[in-house]
Each structure stands twice: as C-alpha cells, then as structure tokens.
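Novice: Here is how the chains run, residue by residue.
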Amino acid sequence: MAECRECKSFFVSEDSPEKGDCIQRVVDPRQAYYRSVPVNADKSASQCLNFIKK
Amino acid sequence: MTAEAARNLESVEDLEKKQQWWWVAEKTRSRRLDYLRKAIWKKGAIGGLYNPGVKVDLEFGLLAMESWNAAQVLADPKVIQFAKHLAHYLDNKTIFITDHAQLVGYVGSLPHTVFWDPTMGEMLNEEIYNDSTAIPEPVEESIKTVAELCDFWAGKTMQSEILPTFDIEDMMKVMSGAVGWGLPMSRTGYSGKDYEYLMTGKRAFQDILDELNQKIEEADYRIHNETPTPEILDLYDKIDCWEAMTIMLEAGMRHAKRYARLARTLAEQFEADSTRREELLLVAETCEQVPAKPPRSLQESLQYDLFIQLFSRTEAVEGAWPSRPDYYHGPYYQKDVNEKKRLTEQAAIDLVGEFLIRAAEVGQYKPRWTKEGLQGIDGTWVWTLGGVNKDGSDACNDLTIAFMKAARQVRVANPTFALRWHPEVRDEVMREAFECIRHGLGYPSIRNDPVLIENAMFWHGHPVEEARTWLHQACMSPAPTTKHGFQPMRMASATANCAKIIEYVFTRGFDKTVNMQMGALTDDPRKFMDFEEVKTAWSAQMESIFGLLVRVVNRGRATAPKTCPRPYLSAISERSVETGMDVCDPSLSRGNAWITGFTWVENADSLAAVKKLVFDDKKYTMDQLCDALEADWEGHEAMRLDFVNNAPKWGNDDDYVDDIMVWCLRDVARFSKEMKCPSGNNWPLLPENVSGNIHYANMVGALPNGRRLGDALYDGGISPGPGLDKKGPTAVLKSCGKINHVEDGRAFLLNQRLSPSQLAGEKGFTMWKAYLKTWADLGLDHVQFNMVSDETLRAAQSDPEKYQEVIVRVAGYSAHFVDISRKTQDNIIQRTVQGIG
Chain B
1 MAECRECKSF FVSEDSPEKG DCIQRVVDPR QAYYRSVPVN ADKSASQCLN FIKK
Chain W
1 MTAEAARNLE SVEDLEKKQQ WWWVAEKTRS RRLDYLRKAI WKKGAIGGLY NPGVKVDLEF
61 GLLAMESWNA AQVLADPKVI QFAKHLAHYL DNKTIFITDH AQLVGYVGSL PHTVFWDPTM
121 GEMLNEEIYN DSTAIPEPVE ESIKTVAELC DFWAGKTMQS EILPTFDIED MMKVMSGAVG
181 WGLPMSRTGY SGKDYEYLMT GKRAFQDILD ELNQKIEEAD YRIHNETPTP EILDLYDKID
241 CWEAMTIMLE AGMRHAKRYA RLARTLAEQF EADSTRREEL LLVAETCEQV PAKPPRSLQE
301 SLQYDLFIQL FSRTEAVEGA WPSRPDYYHG PYYQKDVNEK KRLTEQAAID LVGEFLIRAA
361 EVGQYKPRWT KEGLQGIDGT WVWTLGGVNK DGSDACNDLT IAFMKAARQV RVANPTFALR
421 WHPEVRDEVM REAFECIRHG LGYPSIRNDP VLIENAMFWH GHPVEEARTW LHQACMSPAP
481 TTKHGFQPMR MASATANCAK IIEYVFTRGF DKTVNMQMGA LTDDPRKFMD FEEVKTAWSA
541 QMESIFGLLV RVVNRGRATA PKTCPRPYLS AISERSVETG MDVCDPSLSR GNAWITGFTW
601 VENADSLAAV KKLVFDDKKY TMDQLCDALE ADWEGHEAMR LDFVNNAPKW GNDDDYVDDI
661 MVWCLRDVAR FSKEMKCPSG NNWPLLPENV SGNIHYANMV GALPNGRRLG DALYDGGISP
721 GPGLDKKGPT AVLKSCGKIN HVEDGRAFLL NQRLSPSQLA GEKGFTMWKA YLKTWADLGL
781 DHVQFNMVSD ETLRAAQSDP EKYQEVIVRV AGYSAHFVDI SRKTQDNIIQ RTVQGIG
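For the protein sequence lines, the chains are B and W, in the order given.
Using the numbering used here, read the first sequence as starting at 1 and increasing by one per residue.
Using the numbering used here, read the second sequence as starting at 1 and increasing by one per residue.
Be careful, since some hints might not be right.
Example chain B residues on the side facing chain W (calculated, C-beta under 7 Å, incomplete) [claimed, not checked]: (1) Phe11; (2) Arg30; (3) Gln31; (4) Ala32; (5) Tyr33; (6) Tyr34; (7) Arg35; (8) Ser36; (9) Val37; (10) Pro38.
Quick list of in silico lysine-lysine cross-link-like pairs, BS3-like style, CA-CA up to 25 Å [claimed, not checked]: (11) Lys53(B) - Lys19(B); (12) Lys43(B) - Lys257(W); (13) Lys483(W) - Lys676(W); (14) Lys202(W) - Lys483(W); (15) Lys734(W) - Lys763(W); (16) Lys8(B) - Lys257(W); (17) Lys618(W) - Lys535(W); (18) Lys257(W) - Lys19(B); (19) Lys144(W) - Lys43(B); (20) Lys405(W) - Lys17(W); (21) Lys17(W) - Lys802(W); (22) Lys53(B) - Lys43(B).
Sample of chain W residues with no beta-carbon within 12 Å of chain B, all distances over it, derived [stated by the list, open to error]: (23) Glu16; (24) Gly47; (25) Trp68; (26) Asn130; (27) Ser142; (28) Phe152; (29) Met430; (30) Asp616; (31) Glu634; (32) Asp653; (33) Gly723; (34) Thr766; (35) Lys802; (36) Val818; (37) Ile829.
FYI, nobody ran anything at the bench for these hints, they're computed from the structure.
None of these values were measured; they are calculated from a predicted model.
C-beta: ideal position from N, C-alpha, C; glycine also.
Start from the sequences, fold in the hints, and give me the full structure.
Specialist: This is the structure:
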C-alpha cells in the first residue's frame, strides 16, 4: 500500500523523518498558488488522486 | 473590436480625462500588483450571500473537533483548552503561497474560502448549514460534514456558554434584532490592540515568551515555597492564563516557520525563474525572522503585522481591523527607501499595495444581519493615517503618502483609510488624500485630530500623550493604542437602531415588527398637550433602548474573561503579560466604550415635524398623527407630504430643527455620563451607519418625518436626509457645527457628495481645501466624500459588468458599487451633490 513518503509531493520535515508537507500546485479561476498540508510520512496514499511515485 | 481591446488602445491620459480611474490603475500598476489584485476572491456578501465560488472553510471545525477529542485537552482548564485548539489549527491547517506574492498568510485554508469557527455559536452554524450557495464541493459530502460539525458543537459553543449568564428578557430583546446587533461575547466584534507594546520594534513574540516563562517560574516558586496564604490563590489562575499565552505565541512562531519552509522548498525545488527564486528565499527569511523577532525591514514589518492580524482572526471573528500603518511601519520605509536605499519607491509601493490586497482578501463567515449591514465587505477595515506623535508634532511621513499612492493603484474597497487632519499636515499629504477621493475611492475620510484628541480626554480621561496615539477601532471610533487605553473588545451589541426611539414615542414602547414590548411604557401620545411631553417620552425611550444595550454589553464584558478568554490577544497585550489576567478583564482597562447610533437623524427631523405641524402651527392633532403613523401613512398621503416638505429638516442651517438635534444629543450625553462601563468609564454616543439604513428599512415603522415602513432610512451619522439638504454645503457644515464635537458625543459621521467635474484639476484641489478649512473652523470631527458622478453610477446600474471596479463610500466604509443592493445604490445616488466654491 502506497504511503505519502513515497510521493513526489511529500517533503520531509527537518525535525522528524516521520512528518512532512504535501505540497501541491493549484490553479483556481482567479489565481495560481502552491499549497502545503502537514502529513505523516506513513499516511496511506491509496485513496489520494494526486499521488505520484517518487 | 471588443470593449477590452478598444480600452487597451486608449492612453492613460484619455482614460484620466474620462475619469475612468479603475482603468488608469490597471494600466499603470506593476505586473505583480495587477496579478495579485485580480487574484482576490471578494469576500463581501451581496444581498446576504457570498459571491459565486466563495465557499465555507471546514478545516478549522474538523481540526478543532480533532483536538477536542484529545484526552489531554479535555482535562485542561478552559483557557488552555482553547489555546490548544487554536495551536492545533495553526500547526495543521493548509497554507498557501500565491504566485508573485511577497507577503503570506490567510485566515482560511485556501484563497476562495471564508473561515468558519463552529465553536462560536449554534445560530451561525445553522445558518451555514442552510446556506446552500457557500457549501464547498463535493456538496453532498460537505453538507454531511457541516451537519456533523453542527451536531458535535451543539451545546458546547461560546454562545451556549454565555447565554445562561444573561437576563433572558434583555437577551430576547437584543436578539430580536430590532434595536441592537449580535451577541455580546468577546470573540465577535472589534479587537483593539496594544500596538505601543507590540509594534514599536522593542519586542516580538520570543521576547514576550521569555517574559511569560519567567512569570510562570516565579509564580510556581511562590506557590511551592511561600507560607500558604490567600494571597497565592490567584496565582493558580494566572499561571493558566500565562501558559495559554505561551501556547499561542509558540504556535504563532511555528506557523510562520511553516511558511518559511514552504517558501524555501518552492525556491529550491520548484521555481525555475531566478528572480522569483530570490523573492521566495526572501519570504522564507522574513518568516524565519517574524513574528519571533522584531522586524528589520519594511517587508518584515508588514509581514509581522499581517501575522498579528491573522492570528487574532483565528481567535475571534473580527468586524474591524484597527491599524495605524504609516505610524508603525513608517520607520522601516524610511530606513529601506530613504536611508539604505534597499528599496525603490515603486518597490515599496508594491509591498504596501500587496499589504492592502492581503487585508482585502480576508473573509470570515458572518451571520446574515452582519452581511446585510456590511454589504459588499467582510468588515470595516478603516486604517488610520497621519495624525500627531505623542509629543504633538506632525506624524505624517513618506509611508503616509505611499499608502495613498498604493491605494489608487490597487483600488480595493476594504481596507479604507481615514486621515487624521491637523493644521500642520503638509500640502503634499493633503494632495494625495484629495487625489484618492477624486479618483472615486470614497476614502480617506478626514478626521479632525485636535478635536478628537480633546474628545478622548473629555469622555474617557485618556492622558493627552495616550489620546494622541488614537486609531479607528471600527468605522469611526477613536481608541488609543496604549497599555490601559486600548479597548480589547468592542462588542457590537451596543449598536442602537436609534430611529426606534422616536417610533416608540408613538407606540408607547411596543414594537410591531417583533411584536414585543421593547421600550418604556410611556404616556399615550394621543393625549400629549405640548411638545415638552413629546420630549419627555423621547428621553424615556432613549434611556430604555440605550440602557438595555449597555446593560447587556456590560454583563458580557464582565463575564468575558471566564466565558470567552482571549489567550492570543492577552499574549500581545502588556497589561495581561504583566498581570496574568485575561485582556478583557475590565479592571485592567481605562474604558473606551461607545454606543454606535445608527439611523439617528430621523429623530431630529421627526421631532421638528411634530413641533412645527402639531404644536406650533396646529395644522394637525396628535390623534391625527397617531392615526397616520399607525396606518403607515396609508390614506394620509397629502398629510405625509406636508410632513416631508413643510417641516424644517436638518442640514439647512435652520435653528428650528438644529436646536432640536442639539437638545437630543445633549440629553443622550447626560445619560452617557450616568451609564458606566465595567471599567467605570462613560458610554458616549457615536452616530454613524454602515448600511444599517437599508438593513433596518423593513424594521422601522412609519415616522413623523414622512417616512414609511420599508423606505430607506437616512444614510447616517449626522448626514442630512438624502436630498433634504437644499441650501448648499456651507449650510450643512453650519448645522453640523452647532453640535459640540467634543462634549456632545464620541464622533459624528458626515457623508458629502461632491461633483467630480467641478473638482477637476488644481482649481478643484484649492476649492476642496477651502471647504475643509470651513469644516475645521466649525469644529467638525469627521467628513467623507463620494466623488463619482450620477452618470457613472447610473451606467453602473444598467451595465454592472462594465463597471465592476467603481467604488463608492457607503457609510463608515467603501464598497464596490456593484456589490451593494439596488436600494443602497439608489440611496447613494439620491444624496445631494454639493457644489462648492
């Protein structure tokens, strides 16, 4: 089962290898931006539509 | 050729000649500002609903539920519980950085969301559940989440906590919405800030944190080492309060570091453009510095301020944004632009413009009455410019000018500015203010600094040095930014629908709209034999309404430290850091309360009509008048027109009605000194409207000035009724000048419309300055201008798509013309265009 740590969008935290940020590019009708959500490295990514293996 | 292509071919000069300032701005601002300005998701509601695409943010609710369920939170004292919810949110919320942005931070999770805190109140939660337009995609799933959150927080919200602490009859009257606004709780309203503690570069979060830890250590030592006496009992609560503050400051610093990490990652892993890479690295460096350590540059100072505001908005639903940005950020502008030359003037304006944009995009879900009362905006962000330093010298600086230049480039309707005018303000600054007004922004409003400083000393006893620090706590009301002078929470419940005073004189206090005895049971008006009896009843109704609102807010203020603590606001307030007491504790505050008086002038015009047509001319009896009002003037049209056209009206320099206005204000002033806030200070009146004149149109019954139920009320403050000021601008000023702007109330809003064609060019500036001289000589404290022609406004009504960027002054705030209701639009067009000179 895929985990967030295996994803290209996962950037590991310098404080803990078990935590990191999921950083995604978003383009909405008015602006483009990068968003970041804290995730656990071992979180299941099996349901994630944005998962891209590193 | 499309309209857009045709416009692209027009020169800036041509567009200026046509006074199409919004296109001028678009053509002249930088690429960055253009992008960021167009990127804004407008959060102001139109007709009570949010713009298409703007959605409720569910993230706070979900994260708060998560932290509530954590066992260690439930075991904590309430203030610490609350701080942990907020910290958990700041640590885990989604953050984002918009392309081209140099400043970061948003109250919600994504740019198109409005923040929702379901721990606030069930009423708000249910409103969201029923607001189908704001539920995010996928709708079905989101509705389930909203329902789950509503169910989870039911019975646990701040609203549930505070309601049992109030007198039920008083609370029913306030919540009826007939005479006041909203819940008297310390997490909704307008938070003042102790900027003298926080924004002078002497300290930042880490310094305060060190001080707090020392306080905790000392208190803990005393508890465990002193002989047990009652003196140490308070220390337990103080330690909780200090600990909650440390949780908030640490969470704030961690949150900023998350932005630093994101910016650095984007620079190192994503960004191909070297210029943008450098910018992102600077963003990272900035967020590593602030809010932990004091800012060193203009960018850091603006970012610091932004974090301070956003954390405050995480803790509370804020209806205002008290700020004095040129005063507190000015030294950094001076250093970066003038001394070290690290920034060009245009680069600084880009930063300032972006700062305005970051404020403009903020949105927190507001209840319907607020959305209707603040049409087109999220809250009244009236930022204060100019004024004087603590020693009385001119405080205007180059950043004062930069803010006004930036405003003309980004043309946001919120924030707006108010300029503290005083005799030493340089012509260069006044010119910039005039250009903003001439460009149709509707701001800055002009405030009379010497009058308002004296007023602050008169009403609240602020020492002169503190009074000189004042800024706008909301639309209009001055508040110092000092340790004991700032007011941590202005509860909007003390906002009176003043037209009810005169209405209740004729209904003996019974409110037909909400079917309740709201006011005093005064004598039968049909039996009044002279005008003195009308005045006596008016006075009783005024005391009844104001007394109710003040009583409720006083109770809310007194219980707030226990029911709704504010650990973050406490952590950035010297008085709380020093004492370990919640910032809202009335014993720490000098007091700076005021009653906002919506729909005020109807009282003077109505009383004058009764005096003239019933008691002086004896043209009608009180019986006839009561019959006509009970029938909403139906079947009495000739009589109604008599009351409209043949009774003196405020704003025409007519002593007959002006004396009545002054009598009303002085009667309120008498009562304002009898009523006391929980800090023991006075409760002066401040007549002004937001768009309450439209919001209340269907709640105020027929009035003796000829108004019918449903007609728009006057646009507020001491502004004459639209179209009723027939004798020119000087007569308006002279009427307003009969009011003592120091002793008769806290401040008085005056709307004026001026002709843009008449005030074009250098001659226009000279004429405007002469007008302001008269205004100042007469001792008025406020004036604000609309300078958009009827032609443009009517064109915007028929072709709104083409006029999306036209801004108007509504009342204490500005809004895009297309974002306000047709009734409010018509009301603005009806205002008399004053020819001056």
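Novice: Verify that the Cβ of Phe152(W) lies farther than 12 Å from every Cβ atom of chain B, and report whether the claim holds or is violated.
Specialist: 22 Å, holds
Novice: If I take the minimum Cβ distance from Ile829(W) to any residue of chain B, is it greater than 12 Å?
Specialist: Given a closest Cβ separation of 30 Å, the condition holds.
Novice: Assess, step by step, whether the Cα of Lys618(W) is no farther than 25 Å from the Cα of Lys535(W), and give holds or violated.
Specialist: Roughly 17 Å between the alpha carbons, so the hint for Lys618(W) and Lys535(W) holds.
Novice: Just double-check Gly47(W) for me: nearest Cβ-Cβ distance to chain B has to come out over 12 Å.
Specialist: 21 Å, holds
Novice: Please settle this one: Glu634(W) was flagged as non-interface, so is its CB more than 12 Å from every CB on chain B?
Specialist: Nearest chain B Cβ is 49 Å from Glu634(W), so the label holds.
Novice: Can we confirm that no CB of chain B comes within 12 Å of the CB of Trp68(W)?
Specialist: 19 Å, holds
Novice: Classify the label on Lys802(W) as holds or violated, using whether its beta-carbon is more than 12 Å from each beta-carbon of chain B.
Specialist: 19 Å, holds
Novice: Minimum Cβ separation between Asp616(W) and chain B greater than 12 Å?
Specialist: 60 Å, holds
Novice: A closest beta-carbon separation below 7 Å is what the hint needs, so does Arg35(B) meet it against chain W?
Specialist: 4 Å, holds
Novice: Classify the label on Gly723(W) as holds or violated, using whether its beta-carbon is more than 12 Å from each beta-carbon of chain B.
Specialist: 39 Å, holds
Novice: Going straight from one Cα to the other, do Lys257(W) and Lys19(B) come out at no more than 25 Å?
Specialist: 15 Å, holds
Novice: Sort out whether Lys43(B) lies within 25 Å of Lys144(W), counting only the CA atoms.
Specialist: 24 Å, holds
Hint compliance for this structure: no hint is broken.
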